[in-house]
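Asker: Under this note's numbering, the residue at position 170 of the sequence shown is numbered 179, and the numbers go up by one with no gaps.
Each hint should be verified, as a subset may be incorrect.
Simulated pairs of lysine to any residue, SDA-like, Cα-Cα distance not exceeding 25 Å [as the list claims (entries may be wrong)]:
{"hint": "1", "residue 1": "Lys-105", "residue 2": "Lys-43"}
{"hint": "2", "residue 1": "Lys-43", "residue 2": "Pro-115"}
{"hint": "3", "residue 1": "Lys-105", "residue 2": "Arg-84"}
{"hint": "4", "residue 1": "Lys-212", "residue 2": "Asn-246"}
{"hint": "5", "residue 1": "Lys-212", "residue 2": "Glu-113"}
{"hint": "6", "residue 1": "Lys-187", "residue 2": "Ser-61"}
{"hint": "7", "residue 1": "Lys-94", "residue 2": "Glu-113"}
{"hint": "8", "residue 1": "Lys-212", "residue 2": "Glu-182"}
Rather than coming from a laboratory, the hints here were simulated on the basis of the structure. Predicted model, so just to flag it, every value in this text is computed and none were measured.
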Amino acid sequence: MKNEKLAVVVFLLISIGISGCIDFDSEPSGPEIKVYIENEYEADDNAALSVSTVNGAISITVWEGETIALNATKRTRYGEDDLEKADIAVSENGDKIKIEIQHEQPIRSRAVDLDIKIPYNVTIDSVSTTNGPIAVEEADGFVSATTLNGGIEIKGTTGIGNLVSTNGWINAEVYDIKEDIDIETTNGGVTLYLISTINASIKISTTNGGIIVDADFINKTEDTYNSYRGIIGSGENSINIITTNGKIQIEELEI
10 MKNEKLAVVV FLLISIGISG CIDFDSEPSG PEIKVYIENE YEADDNAALS VSTVNGAISI
70 TVWEGETIAL NATKRTRYGE DDLEKADIAV SENGDKIKIE IQHEQPIRSR AVDLDIKIPY
130 NVTIDSVSTT NGPIAVEEAD GFVSATTLNG GIEIKGTTGI GNLVSTNGWI NAEVYDIKED
190 IDIETTNGGV TLYLISTINA SIKISTTNGG IIVDADFINK TEDTYNSYRG IIGSGENSIN
250 IITTNGKIQI EELEI
């Protein structure tokens, strides 16, 4: 990684006054231990960022600085040594930058939460976590996001890509899409705020949950309890919205 700043701030917080010991072979009984890490990385004007973690939340926002600012929280109930088994790996390949959390097995209760601030010249490509929520706000890029357990919230980005949650809600503002996309969750509702100038075909289906469409600019072609079809503008690309258990709601994005 180019010119990584050496300023790293680490704080170790250990709860005091809780009796008992940590059992490494069964459910942990010890207090949660946390380590806070701060890093900054330089980024070129055309940089595209991808972020990936296992067990942990991801939050990405824009700031006035010229670097990518990373605030990571490592946490576990299996003792201080267990925190050393989670590494923050930052790699660069051309204009692409990847921040990835690499764990040694078994992971158990170990988690790493990421709070990232990016300059305006950096775009977001993809964001993924195995167990935790994802939030991206006011960033450039057609953001794709995936989580197995947690909600997804996308606000104020250039556009969106695929948004997938196995067990969680999805809430997104949609300013644009550049290809067919899927928005899918197994257990959770979906709320989309669509801008009226977008060109898209809307396909909605839910197994257990209602559908509410409050957007007069959509040319409706099908409307049943668990299925909806419509066209916006030329309908060039498709937005496929699917949930098994949850309500799907479409509203107009007011700007």
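Asker: Hints first: check each against the structure and report whether it holds.
Answerer: Now the hints, each set against the structure:
1. Under the criterion of a C-alpha separation no larger than 25 Å, the hint pairing Lys-105 with Lys-43 is inconsistent with the structure, at around 30 Å.
2. A C-alpha spacing of about 18 Å is found between Lys-43 and Pro-115, which places the hinted pair at or below 25 Å, so the restraint holds.
3. Of the pairs offered as hints, the one joining Lys-105 and Arg-84 is violated, with about 28 Å between alpha carbons and a cut-off of 25 Å exceeded.
4. Annotation: proposed proximity of Lys-212 to Asn-246 holds, straight-line Cα distance about 11 Å (limit 25 Å).
5. Only pairs whose Cα atoms come within 25 Å are accepted, and Lys-212 paired with Glu-113 is rejected, the gap being roughly 41 Å.
6. Straight-line distance between C-alpha atoms of Lys-187 and Ser-61 comes to about 23 Å, which keeps the hinted pair within the 25 Å bound.
7. Using a Cα cut-off of 25 Å, the hinted pair Lys-94 and Glu-113 holds, with the two alpha carbons roughly 5 Å apart.
8. Pair hint Lys-212 plus Glu-182 holds up; C-alpha atoms about 17 Å apart against a cutoff of 25 Å.
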